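In case you want the letters, here they are:
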Amino acid sequence: MLPRDQLSDALKLEGRPSLVAFFTAGYPDRDTFLDVLKEVCSAADAVEIGVPFTDPMADGVTVQRSSQVALENGVSLGWIFDQLAGRDFELPAPVLLMSYLNPLYAFGFEDLAERALETGVSGFIVPDLPYEESGPLKQALDAKGLALVQLVTPATPKERLAKLCSVSEGFVYAVTRTGITGSSEGLPNDVSDYLAAVKSASSLPVCAGFGVREQEQVRRIAEHADGVIVGSALLEALEAGRSPREFLESLRP
Amino acid sequence: MLPRDQLSDALKLEGRPSLVAFFTAGYPDRDTFLDVLKEVCSAADAVEIGVPFTDPMADGVTVQRSSQVALENGVSLGWIFDQLAGRDFELPAPVLLMSYLNPLYAFGFEDLAERALETGVSGFIVPDLPYEESGPLKQALDAKGLALVQLVTPATPKERLAKLCSVSEGFVYAVTRTGITGSSEGLPNDVSDYLAAVKSASSLPVCAGFGVREQEQVRRIAEHADGVIVGSALLEALEAGRSPREFLESLRP
Amino acid sequence: MTNEDHEALFESLLNGSLPDDEGRFGPFGGRYVPETLMPAIDRLTAGVHRYLPDAQFQQELQSELKSWVGRPTALTHAPRLSDRWGAEVWFKREDLAHTGAHKINNTIGQALLAKALGAQRIVAETGAGQHGVASAAACARVGLPCTVYMGEIDVARQAPNVDRMHRLGAEVVPVTSGDRTLRSAIDEAIRDWVSDPKGNYYLLGSAIGPHPYPYLVRELQAVIGREARTQLLERTGLPDAAFACVGGGSNAIGLFHGFLADRSTALFGVEAGGRGVELGQNSATLASGRPGVLHGTHTMLLYDDDGQIQETHSVSAGLDYPGVGPEHALLQLVGRVEYVTASDDEALAALDECCSLEGILPALESAHALAGAKQWAAANRGKRILVGMSGRGDKDMPILADYPVNRSKGSVDAAA
Amino acid sequence: MTNEDHEALFESLLNGSLPDDEGRFGPFGGRYVPETLMPAIDRLTAGVHRYLPDAQFQQELQSELKSWVGRPTALTHAPRLSDRWGAEVWFKREDLAHTGAHKINNTIGQALLAKALGAQRIVAETGAGQHGVASAAACARVGLPCTVYMGEIDVARQAPNVDRMHRLGAEVVPVTSGDRTLRSAIDEAIRDWVSDPKGNYYLLGSAIGPHPYPYLVRELQAVIGREARTQLLERTGLPDAAFACVGGGSNAIGLFHGFLADRSTALFGVEAGGRGVELGQNSATLASGRPGVLHGTHTMLLYDDDGQIQETHSVSAGLDYPGVGPEHALLQLVGRVEYVTASDDEALAALDECCSLEGILPALESAHALAGAKQWAAANRGKRILVGMSGRGDKDMPILADYPVNRSKGSVDAAA
Ligand SMILES: Cc1ncc(COP(=O)(O)O)c(C=O)c1O
Ligand SMILES: Cc1ncc(COP(=O)(O)O)c(C=O)c1O
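Protein chains in written order, with the working numbering: chain A, 230 to 482; chain B, 230 to 482; chain C, 251 to 666; chain D, 251 to 666.
Any given hint might turn out to be false.
Quick look at which bits of chain A chain D covers, simulated, 3 or more residues with Cβ under 8 Å [unchecked claim]:
1) 300–309
2) 330–337
3) 349–359
4) 371–385
5) 404–416
Cross-link-like lysine to aspartate or glutamate pairs, in silico, EDC-like; alpha carbons within 20 Å at most [unchecked claim]:
6) K448/D x D260/A
7) K392/A x D271/D
8) K448/C x E468/B
9) K316/C x E338/D
10) K392/B x D271/C
11) K387/B x D292/C
12) K316/C x E477/D
13) K448/C x E388/B
14) K448/C x E414/B
15) K392/A x E477/D
16) K373/B x D340/B
17) K387/A x E361/A
18) K267/B x D317/B
19) K387/B x D446/C
20) K387/A x E477/D
21) K387/A x D446/D
If you are wondering where the hints come from, they were derived from the structure by calculation, not from laboratory data. Just so we're clear, the structure is a prediction, and the values are computed from it rather than from any experiment. Where is the CB? At the ideal position from N, CA and C, for every residue including glycine.
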C-alpha cells in the first residue's frame, strides 16, 4: 500500500474520532525528539512533525515560540530525517511533516520525496502552498506515493472546496476558523454546517483543526468529521511538562 | 546757551582729548545710580546714561548683561528722569541719554524733550535710529535745543559721512569698527585715516568709540579725534568693584 | 485718518506705490537700523531693485522654484473636513514644498540674491527651525556657508530641525540671551551681520525687519497666493474667505497678495492666542499690540508701558514673536484684512482634526489658520474657504508628545 | 535558459503579458499563501482588474495624486553634484511627495481600492515607517481605520515616524517576534489579515508578496518613471543610466518601468551592501541571494542551507529585508537591470554629499541609489544620470545622530 493510503486508512476509524497530533521537532529539547515522537505516536492516530521555520506566518504564538526554540536548538529538515532514519522503534502511527515551503524548496523536491520515503514519512502539509502552486512538489511526492494534504477553510467557496477535497491526499485538513493556529476562542457556532459541507465534498477522511484544546470540542467536531488535529495545546502540555500521551488521551471522548 | 551747544563746548578741549563715559542706568545696583553718575560726571567730560532695553541689537555681551540686570532692577526711562530730577548735586559734565528707539517712542517724543530739558539732559544717542528715520524725534528735540547725536562708521560712504556730520548735534559719534559694542580686538589699523576723514567732514567735536579699553588706544585716537567714548570697559570696571573715577583717569594719556 | 485716507492708502498698496522709497507702508515700515548697516541696507535695496525684475535672475529663480522647491505646490480639496465644518475647504499646500514649509520660497530667492550681490557668508535667524532648515538648504544649493541663530528654548522644542540644519552643513548657534526664542535670535543675527555688513548677507526669514526685507520677502512669497488663485479659478472659483497664520507674517502676506484686489474674498490673519489675552500669554500682536519700533521696522508690537518688548507665548515656535510685518499693520489699519486669534488648544484640536480627517499633519503654525477658519465656518455656513497650509508638522512631534491624541477623535469615530 | 528565452520573457513583460494569470513573472512570483487567504487574494485580483482600468477609479486616483499627494513631483538638476561627479545628474523627487516618500503613491491607490472593495479596516506593515505613515495618511484621507505592524527595532530607529503614525490616527503594533524588523512585521500583518480576510484589507508596502501585489504596487508606482521620462525629454533627453534603491523594490520598479523599453538607458538597482558581503551583514538579495519562497512569492531571497530566512543588516531600515519583488528577479535574470550594492558607509557619504552640495537631505534608502550612481559615474565620465530620490531623510535623523557630519565635507570646503 502506498504511504498516502496507509495514512487515510489510519484516520478512518469506526466508532471513534481519530486524533492527529502536531508537535514541533526538537521542542522543547532536541535530545528528547524521538522519545516524544514515540510517545505521541503511541497515543495518536497520526502525527504531524513540525519543521521549524523562521517565518511561520500562519501560526500563533505557541507554534512561533516552539519554532524559534527548535531553530536555536539546531533543528533542521535534514536533522529530522537523520533522526527518523536512526530510530530504533517502529512507528505505530503514520507520520507527516508539516513545513512551510522554503525549507522543502531548499532541500530540493526530488531529494525530499526520496528521503521521506526512506525514513518512513507518509506525507506533507505545507501551510503556505495553495493547490495552485503545488505542482512541482506534488509531482515529486506522487512519484513516491506520498501524500500532499490540502487544507480547506470556512472561507473556501463551494466550488473550490470540491476541487481541494478531490485533489487532497491522505486526508482533508479542515481549518475550523479563519485566523492562525493556537486560538483559544473555541469553535465557531456554525462549525457543524461547515464540517458537514466538507465531509460531503470529500471521499477522504476529514480532520479538523485550529484551536482544538478540549474533549468537548473533540466531541462536537466528531459529530461531522472523522478526526481532530491538536497542535498548540499539545505544545503547551509539553511546555508544562505534562505527559503527551496522557494529555492526548484526555481529549478522547 | 542751548544744551546741545553746551555739549559740544564741553567736548572740544584744548590740549587733551575729551572723555565720554557710558554706563547703564541702575547697573549694577539701582540704589547707587546717582552716586555712580556723580562720580562718573566728575571724571568725564560728558556722560551717556544708558536706558536699558530688552533688545539691544547693536550691543555686545557687556552692555546686554547690564541692560538685562537694570531691567530686572526695575529701571525705566521714567525712573531715570525721576532720579535726575531728584538729585541734590550739580552735574559737572553734560549728560546724554543713550537709548534704543522704542522706549523713547513709548514715552512720546514731546514729553521726552520736555522732561529731558527739565532734568538737565543735553541730548540723545539712539543706536537704531539712522538719520533718515529721525525726523519726528529730531523735531521734538530741536524745539528744546537738545542734541540728537549722529553716528558714523568706517562703512559710511563719503557723501553720507558729510551729510551725517553736517546734521549731527553736540558731537559726531565716530564708531571705530564695524560690529557691536564691547569688542576686545583693539583698533583697526586704518583707524587714523578713518578718523581724519570724519574730522575733516565735521565742524563739531568728533568722539570715537566702540572697544576702547586702554590708555594707548586713547592716545592713538586723540591724534585725530577730539575725544573718546568708553562704555563696556567702564561697565566691566564697575562690575569688578573698581572706582569709576580711578578707571576713567587711568585712561587719560 | 479718515475712511478715504484708508482707501487711498490701500489703493497705493494695490497699485504698487507702497512701500515707498523709504520703505514705508503708510505709517509703518522704514529702516530703523544701526548706522553701520545703512550702506548694506542701501546695497541690498539697490540689489532688490536690480535683480528682482531682471529676466535672467527671474529665470534662475523660477527654475529653482519649479525644479528644486517643487512648485507649484498642490491645491487640495478637503472633503471630509468640509463635511464636518459645513463648508467647502481648500488647502494651499506649502507643506509639500522642499524642506516642508513656505520658508523655502524666500530662502532660495534671497540666497540667489546674496550670490548675485557677492556675499561671502549667510547669516540667518530661526524660530521654529523651518527658516533655518530652509536657509541651510538654499545655502548648500547655491554654495554659500550658513550660520543660523536660534533661541535655546526653540533649540529644545524643535530639535529635529536643529539636526537637519547640521546635516545640511549649517552652523547652528543657540542664543542664550534675551527671551531665548525667535526675537533674541534676530537680535543676535543682526549683531553678527553688523560685524561684517559687506561680506555677510542677512537672510531674514519673515516679512519683518528693515526695508527692503518686508517688500523682498513679500515678493518672494507672493507666489503662494498667485498660484492658489489660479488653481482655485481652474477648479472651483474665488474663495469667500482665505485664512493664513501670522507670525512675522510672510506666508500670510504671500497668500493675501493673490487676493487683495478680490474684494469679494474676505482675508483673515490668524495670530497665536496662546493661553489667553494677558500680555505675555500670547503672540497676538495685531489683535492686542500697539505701534512701536523693533528689529528695524515701525509696526505693531507687544510691549509694556516703558517700551520694553514683551515675552510672548505660543505652543507654536514659529508664531512666538512680539512683532509683525509692517504691511500687515497697514492692512489692518485700512481694514482689508481682519486679524483674529486661535488659542493653543484650538490649534491643537484643529491639527488633530486635520490629521484624522484628511491625512495631513499640519505644522502647529498652520493649525492656527485651520482653527481660525473653523471658527469662521461655524458662523458662516456653506462658504468656500482657502486655508494656507504653511508647513508640515513633522518638526512639531517633540512638542506634540506633550499633547497625546485624543483617540476618540480618531478617524473611526470621526466618520460617525 | 538561453538568451532567446530571456529575450522572449522580457518581451512578454514589455507587452504586458507578464505577470500571467497565476501572477508569474517568468519563473518568479505566484501566490504562496495560506488557504484561508486564497478567496481574499482572488477577490483582490478581481478588484485590481476591475478598478485599475476603470475610468472613474482612475479619475479619483489621479485627482488624489495631483491634489493631495502633490504630483507630478519635481525633476531636479543637481549642478554641483554633477560637477563633482563629472556627470549630468538629475533627481526624481519623490521626497517631495506628501508624507515624504514614494510610498504614498501606493497607499492612496490601495486605500481607494480597499474602499471600493468594501473593506472595513486596513492592516499594514512597515520597516522605515514611511509606508506606515503613508498608510496612516491615506486611511485617514479615505476614512478607514488603520493598524500598522512594525518591528520593535524599527520602532526604535525610526521613532519620528511612529509618532507621525499615531498622530494620523493609526494604531502602531510593535512586533517582538522573529527578527523584529520589516520581515517579522510582514509575518505579523499577514497573521492579522488571516484573522478576517474579508473585513481586513492588507495594504502591502512594496512590490513583494503574493500576486496581485507585485503587479498592483508596480502599476501604482509606475507614475514615477512615467513622469521622470516625460520631464527628462522636456528638459534634456533620455538618461544614459538610471539608479534606484531596492528594498522590496517598489520605487525601483516604478522608476524602471518608465524606461524598460529604452534600451539605451542602462538600469541599475542598488541594494544595501551593509557592512560586507557575509550572510547577515547586508540585505543584498539579488546580488547574493538565491531563489526561494517567502511572504507569498517565489523570488530571490537570503536564506541558509536549511532554507531558513537570514537576518539582514542595513543602516537603512527600508532596505533591511531578505527578499525582493519577483519582477526584479526576472529583470535580473533577463539582464535588463543590473543589481549592484552600496555599503552603509558609501550611502552615508553620499547622503552628506547631497546635503552639502544640493541642499537636499535624502532618505538613507535613497542615499544608496546616490552611492550607486556615484560609483558608476566615476567609471563612466560625462553621462546623463537619473537618480530616484525615493524619500527624504528627516525620518533618519535619530540614526544619523550616530554618524556625525564630517565638517570638512561641508559646503565651504566642498566648493573647493
Ligand atoms: C510652517 C510655518 N508657518 C508659519 C510660520 C510663521 O512665519 P510667517 O508668519 O512669517 O509665515 C512659520 C515660522 O517658522 C512656519 O514654520
Ligand atoms: C524612502 C524609501 N526609499 C526606499 C524604500 C525601499 O522600499 P522599496 O524598495 O519598496 O522602494 C523605502 C522603504 O521604506 C523608503 O522609505
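Status of the hints after comparison with the structure:
Only when three residues or more bring their CB closer than 8 Å to a CB of chain D does the claim for the region 300–309 of chain A stand; here the count is 4, and the claim holds. Here's how the region 330–337 of chain A fares: 7 of its residues keep a CB closer than 8 Å to some CB of chain D, so the rule of at least three is met and the hint holds. Here's how the region 349–359 of chain A fares: 4 of its residues keep a CB closer than 8 Å to some CB of chain D, so the rule of at least three is met and the hint holds. For the region 371–385 of chain A, the assignment as covered by chain D holds, since 6 residues bring a beta-carbon within under 8 Å of that chain's beta-carbons and 3 suffice.
Counting residues of the region 404–416 of chain A whose C-beta lies closer than 8 Å to any C-beta of chain D gives 4; at least three are required, and the coverage claim holds. At roughly 43 Å between alpha-carbon atoms, K448/D and D260/A are farther apart than 20 Å, so this suggested pair is violated. Our distance criterion of 20 Å between C-alpha atoms is met by K392/A and D271/D, whose separation comes to about 19 Å. Of the supplied pair hints, the one linking K448/C and E468/B is violated, its CA atoms being roughly 34 Å apart against a limit of 20 Å.
Taken as a hint, the K316/C and E338/D pair is honoured in the structure, with Cα atoms around 19 Å apart against an allowance of 20 Å. Among the hinted pairs, K392/B with D271/C is consistent with the structure: their alpha-carbon atoms are about 19 Å apart, no more than 20 Å. Proximity of K387/B to D292/C is assessed by CA-CA distance (about 14 Å); at most 20 Å being required, the pair is judged to hold. Annotation: proposed proximity of K316/C to E477/D holds, straight-line Cα distance about 15 Å (limit 20 Å).
Annotation: proposed proximity of K448/C to E388/B holds, straight-line Cα distance about 18 Å (limit 20 Å). Proposed proximity of K448/C and E414/B is supported: the alpha carbons are some 19 Å apart, at most 20 Å. Taking the CA atoms of K392/A and E477/D, the gap is about 45 Å. The hint is violated against a cut of 20 Å. Restraint check for K373/B and D340/B: satisfied, since their Cα atoms lie roughly 11 Å apart, inside the 20 Å limit.
Under the criterion of a C-alpha separation no larger than 20 Å, the hint pairing K387/A with E361/A is consistent with the structure, at around 16 Å. About 10 Å separates the Cα atoms of K267/B and D317/B, which keeps this hinted pair within 20 Å; it holds. Under the criterion of a C-alpha separation no larger than 20 Å, the hint pairing K387/B with D446/C is consistent with the structure, at around 19 Å. At most 20 Å may separate the alpha-carbon atoms for a hinted pair to count; K387/A and E477/D exceed this at roughly 45 Å.
A C-alpha spacing of about 19 Å is found between K387/A and D446/D, which places the hinted pair at or below 20 Å, so the restraint holds.
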